[in-house]
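Novice: Quick note, the sequences are listed as chains A and Z, same order.
Using my numbering, the first residue of the first sequence is number 1, and each one after it goes up by one.
Using my numbering, the first residue of the second sequence is number 1, and each one after it goes up by one.
I should point out that these hints are in silico values taken from the structure, not numbers from a laboratory.
Bear in mind that the values here come from a model prediction, so they are computed numbers and not experimental data.
Hints may be right or wrong, so weigh each one.
What the hints assert, rightly or not - DSSO-like mimics (lysine-lysine), calculated; alpha carbons at most 27 angstroms apart, straight line:
no., chain 1, residue 1, chain 2, residue 2
1, Z, LYS205, A, LYS2
2, Z, LYS101, Z, LYS121
3, Z, LYS101, A, LYS147
What the hints assert, rightly or not - A few chain A residues that don't get close to chain Z, going by computed Cβ distances all over 12 angstroms:
no., residue
4, SER6
5, GLY9
6, ALA10
7, ARG11
8, TYR13
9, LEU18
10, GLN43
11, ILE61
12, GLN65
13, ALA67
14, ASP80
15, ILE91
16, GLN97
17, GLY139
Here a beta-carbon is modelled for each residue, glycine too, at the ideal position from N, C-alpha and C.
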Amino acid sequence: MKVALSVNGARHYVDVPLNATLLSVLRDDLGLTGTRYGCGRGQCGACYVIADSRAVASCLITADQAARMEITTIEGLGKDSRLHPVQQAFIDEDAMQCGYCTSGMVISAAALLGHDPNPDETSIRDALAGNLCRCGVYGRAIRAVLKAASPS
Amino acid sequence: MWDHRNPERLEQRIRVERDGSVTALSGKVEFGQGIRTAFTQIVADELDVAIERVNVVLGDTDQVPFDFGTFGSHSVAQETPLLRKAAAFARHQLLDRASVKLGLPREKLDTEAGAVVGGGKRLPYADLLDSEPLAGVIPDRVSVMPETRRKYSGRPMSHVEARDIVTGRATFVADVRLEGMVRGAMVRPPARGAKLRSLDDSAAKAMPGVIAVVRAGDVVGVVAERDEQARAAAAAVDAEWHAIPVEGPTAEVPMRSDAGVDAKLRGAPVRLAQTYVLPPISSAPIGPSAAVADVRASGATMYVGTHRPFGVREQIAKTLGLPEKKVRVVPQITSGTYGRNSSADAAIEAAILSKGSGRPVLLQWTREEEFAWSPSRPEAVLEISAGLDAEGRIVAWRYDEHTNVHTAAGLDPQVLGVTSGRNAIPPYAKFPAKVTLHIEPTRLRTANFRSLAAAENVFAIESFMDELADLAAQDPVQFRLRHITDDRFRRVVERVAERSGWRERADGRRGRGFACTVYHGTYVAQVAEVEVSLAGAVRLVKVWCVVDPGQTLNPEGVRNQIEGGIQQSASWTLREELLHRDGQVMNTGWDTYPIATFRDAPESIEVFVEGDETAPPTGVGEPGAVPTAAAIANAVYAASRARLRSVPLTRERVRKAMAG
């Protein structure tokens with residue numbers, strides 16, 4: 001099946017099986033491996049991308065469904081010369097260990113700040129509740145998002 | 001085991017490259033524990049170069065010196081002095097060369113930001129390599145940089161990989177992309193160790209994208225152009241299996257057998273006996289196992305996540321029938337796996353698929369496969385009895401640890417004692433004790449998990465210490481202090497009591513609990529505050545921790561590791577239980593194996609790094625996780641008078657204990 005996708009501001013044309021998920025197209029056809037596979041069931045948040053301003057699990061939507069959306073992946077969130085404030089805050093707060101879940105967390109936080117530039121701690125916990133981390137950096141990630149929301 | 005008997009050569013450790021950048025080599029592997037950052041700091045300091053100019057290569061078996069593996073929080077302690085010495089030796093060689101080149105005595109020369117300076121001249125390191133690369137046997141004694149000249153070691157620093165991680169550029173195992181690479185999927189048997197009886201792959205072979213159905217003994221898998229195609233075809237393979245139960249080993253190890261323990265127990269005026277129970281838990285990495293294998297006639301290259309690259313090289317060579325020198329293992333950064341990656345299963349499977357299809361193959365396990373087929377932390381039943389004298393001092397101690405084997409390191413009693421029996425001997429003043437480790441068989445596949453048996457043993461010992469304190473009508477912290485003779489241990493206990501305001505009682509439905517331990521030379525003491533609802537729901541509110549890991553290279557890295565250990569251990573304690581029937585794991589995803597989420601994270605985890613700078617550095621990857629379960633259970637007792645001797649501390653369990 002031929003699909004036209006809008007990813008990180010560019011149009012991409014791919015020919016993929018009918019059941020191909022957005023996740024597998026990003027990773028295997030477009031080489032955007034920063035979006036990670038974690039569970040394939042939308043339970044862990046590692047594969048989150050921003051679709052029309054909302055954070056969604058790219059393992060749960062097909063490439064065909066994604067064709068109607070503007071997709072932003074971790075690679076498209078900031079520029080190397082100027083990172084997204086959430087990315088910078090995650091570095092500054094050392095809010096990571098292995099880093100496998102980081103892409104998804106940063107995406108959720110960026111989507112949150114897109115809707116609510118000044119979230120309180122509870123809103124941050126709620127917005128990132130779908131992002132599992134096993135290394136245990138939740139506290140640092142909350143601090144990073146608070147910092148990104150009010151850079152001073 | 002950790003000895004380096006042969007003197008090391010500089011070229012195995014440090015390369016100054018043509019562009020003046022520095023490559024440092026280590027057989028250790030990064031799992032998010034921050035060793036790359038720590039090694040980068042040391043090498044930058046000793047060679048006097050900017051930290052951005054240091055590249056640390058970890059675990060590439062074609063480049064790094066042999067290494068037994070990255071276990072037991074040893075990496076920093078073991079590698080730091082070696083890398084420091086190597087880098088210092090490289091700097092001395094550069095100074096010697098500059099001295100000849102400039103015709104100036106050594107004493108007139110110094111280094112500064114990647115160059116030798118002196119006599120008004122400045123020679124970048126790159127200009128000192130024209131004759132030959134730096135090389136030679138690293139002498140026993142090498143003078144190192146004075147502490148005052150260290151710019152990076154001892155300072156807080158974010159992970160050096162941080163920028164690559166937040167931009168998605170970091171290459172995890174499953175992100176490796178090779179020319180002509182295709183995808184694999186395994187055909188799984190109904191149970192571990194099952195033998196293949198018959199195989200019909202005709203339907204699978206006819207499916208779109210399928211390149212090969214590969215069989216090697218009882219291992220069966222499909223190779224296809226795309227992931228979806230490989231999985232669909234694997235499901236279409238018709239395999240018949242003959243299940244043969246596989247059971248873990250049995251052993252009994254007397255770990256301490258002081259005379260007269262039973263008599264002293266019988267004679268003690270106050271006695272207590274309790275049993276503590278921990279279920280098996282899953283290592284449950286967020287990224288399931290993956291491996292990329294590129295097997296050719298000339299040799300094999302393996303991109304893997306592993307704790308022991310040289311061990312994987314040996315296993316892959318054996319699997320493929322190749323000499324070891326024809327196998328190159330290139331460890332990639334990997335999802336934290338907390339010990340699970342000691343097993344090379346995905347790598348072996350990928351190698352078989354690549355050999356069978358003649359293509360480079362990426363094998364990505366699914367979440368279901370990760371729960372079902374990866375090894376787990378064993379269950380444990382800990383029986384303790386102790387006697388107190390009239391002053392409330394322990395006079396006799398009897399401890400029986402019943403568990404399954406924790407590693408594949410063999411059944412040598414000494415090895416079992418320090419692995420499956422880790423921390424079974426209490427860290428307190430020596431009282432007569434009898435400590436026995438009983439390894440019992442299980443059909444569950446068990447293997448290395450963060451801290452091995454220490455988390456289980458310390459849960460039991462520190463819960464029991466709390467119960468003894470209660471029986472002796474003493475404050476739990478004071479009761480421990482009366483049994484501590486080691487000054488460093490005493491200090492972390494006293495400091496965490498100060499830092500947490502231990503004497504202030506928590507209000508209402510809140511309570512505070514204490515626990516401490518010594519893990520591989522790292523001293524750690526924690527206070528947890530919890531809130532227990534009338535229905536028995538436990539909320540972890542705050543944790544305070546004081547840790548003494550000896551000399552501290554990167555305090556921020558230590559804090560991050562200890563915080564993470566506490567958060568992960570809180571998840572084990574409050575939520576996690578692996579369910580299995582005869583070794584068949586029932587949990588299939590995060591819905592049936594829930595772990596702590598952002599909503600469960602405590603309000604704060606305050607970690608105070610108070611290392612004894614005169615003591616050698618010890619590990620911090622594991623110790624943070626060790627006392628947390630007991631601190632939480634003791635806090636639940638303080639809050640609700642419900643004494644929980646089984647984890648996880650589920651609402652049902654707590655409610656029942658509150659009622660009873």
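Novice: Hints first: check each against the structure and report whether it holds.
Specialist: Hint check:
no.	hint	result
1	Z/LYS205 to A/LYS2	holds, 25 angstroms
2	Z/LYS101 to Z/LYS121	holds, 11 angstroms
3	Z/LYS101 to A/LYS147	violated, 52 angstroms
4	SER6	holds, 18 angstroms
5	GLY9	holds, 16 angstroms
6	ALA10	holds, 16 angstroms
7	ARG11	holds, 20 angstroms
8	TYR13	holds, 17 angstroms
9	LEU18	violated, 9 angstroms
10	GLN43	violated, 4 angstroms
11	ILE61	holds, 14 angstroms
12	GLN65	holds, 15 angstroms
13	ALA67	holds, 17 angstroms
14	ASP80	violated, 7 angstroms
15	ILE91	violated, 4 angstroms
16	GLN97	violated, 3 angstroms
17	GLY139	violated, 6 angstroms
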